[in-house]
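J.: Build the full structure now, drawing on both the sequences and the hints.
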Amino acid sequence: MGCTHHAADLAHDTFERLLASRDALLGQPLGLQEPRAYLTTTAKRLLIDRARRELLERTYLAELERLAPELAQHPSPEQLLIAMQALEQICQALEGVSAKARAAFLLHYLEGHTHAYVAGQLKVSTKMVQKYLVQVLLHCHQRLA
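Using this note's numbering, the letters of the sequence shown map in sequence onto residues 372 to 516.
A hint or two may mislead.
[To be verified] Heads up, simulated EDC-like pairs for lysine to aspartate or glutamate below, C-alpha to C-alpha not over 16 Å straight-line:
(1) K415 <-> E441
(2) K415 <-> D380
(3) K415 <-> D384
[What the hints assert, rightly or not] Here are the in silico distance ranges between beta carbons for each label pair:
(4) G483 <-> E434: 52 to 60 Å
(5) L477 <-> L438: 27 to 35 Å
(6) I419 <-> A379: 46 to 54 Å
(7) G483 <-> L418: 55 to 63 Å
What the hints contain is simulated information worked out from the structure, not anything from laboratory work. Since this is a predicted model, take the numbers as computed values, not measurements. Ideal Cβ placement from N, Cα and C applies to all residues, glycine included.
T.: As structure tokens, then:
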């Protein structure tokens with residue numbers, strides 16, 4: 372058992388089961404031939420249940436510990452909400468710019484592509500991509516200020 376508290380809990384649970392089974396029979400006596408054997412069997416079963424529960428808890432905690440590095444990389448619900456609100460603000464701010472300027476901004480800042488890649492996708496020069504990005508940043512600054 373390990374400690375007196377667990378033994379006391381087990382004794383309490385055993386007698387609680389005894390009383391519950393008596394109450395289930397609507398107050399009629401249990402008619403136990405061997406009350407000590409009944410209590411011992413009940414206590415053994417409760418002890419087995421407790422051991423299974425503790426094994427399950429240890430297994431669950433070990434799995435959580437193993438997954439902790441992965442779980443730490445996932446954003447919390449609060450972080451997701453903040454990110455969603457920021458994206459909504461960006462979407463609203465981008466409503467007033469041209470489609471190509473918006474595409475250049477999204478390709479460069481959100482998807483992380485280079486100016487040359489963005490220029491190739493939009494079929495414009497890299498200089499024009501730079502102008503689009505400056506245009507969008509100034510527009511966002513004015514809208515969000």
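J.: Does each hint fit the structure? Answer for all of them.
T.: We went through each hint and held it up to the structure:
Of the pairs offered as hints, the one joining K415 and E441 is violated, with about 40 Å between alpha carbons and a cut-off of 16 Å exceeded. Pair hint K415 plus D380 holds up; C-alpha atoms about 13 Å apart against a cutoff of 16 Å. Between K415 and D384 the alpha-carbon distance is near 11 Å, which keeps this suggested pair within the 16 Å criterion. Taking the beta carbon of each, G483 and E434 are about 34 Å apart, not inside 52 to 60 Å as hinted.
The given range of 27 to 35 Å is respected by L477 and L438, whose C-beta atoms sit roughly 33 Å from each other. The hinted window of 46 to 54 Å between I419 and A379 is violated, with their beta carbons roughly 18 Å apart. Between G483 and L418, the C-beta spacing of about 58 Å keeps the proposed range 55 to 63 Å intact.
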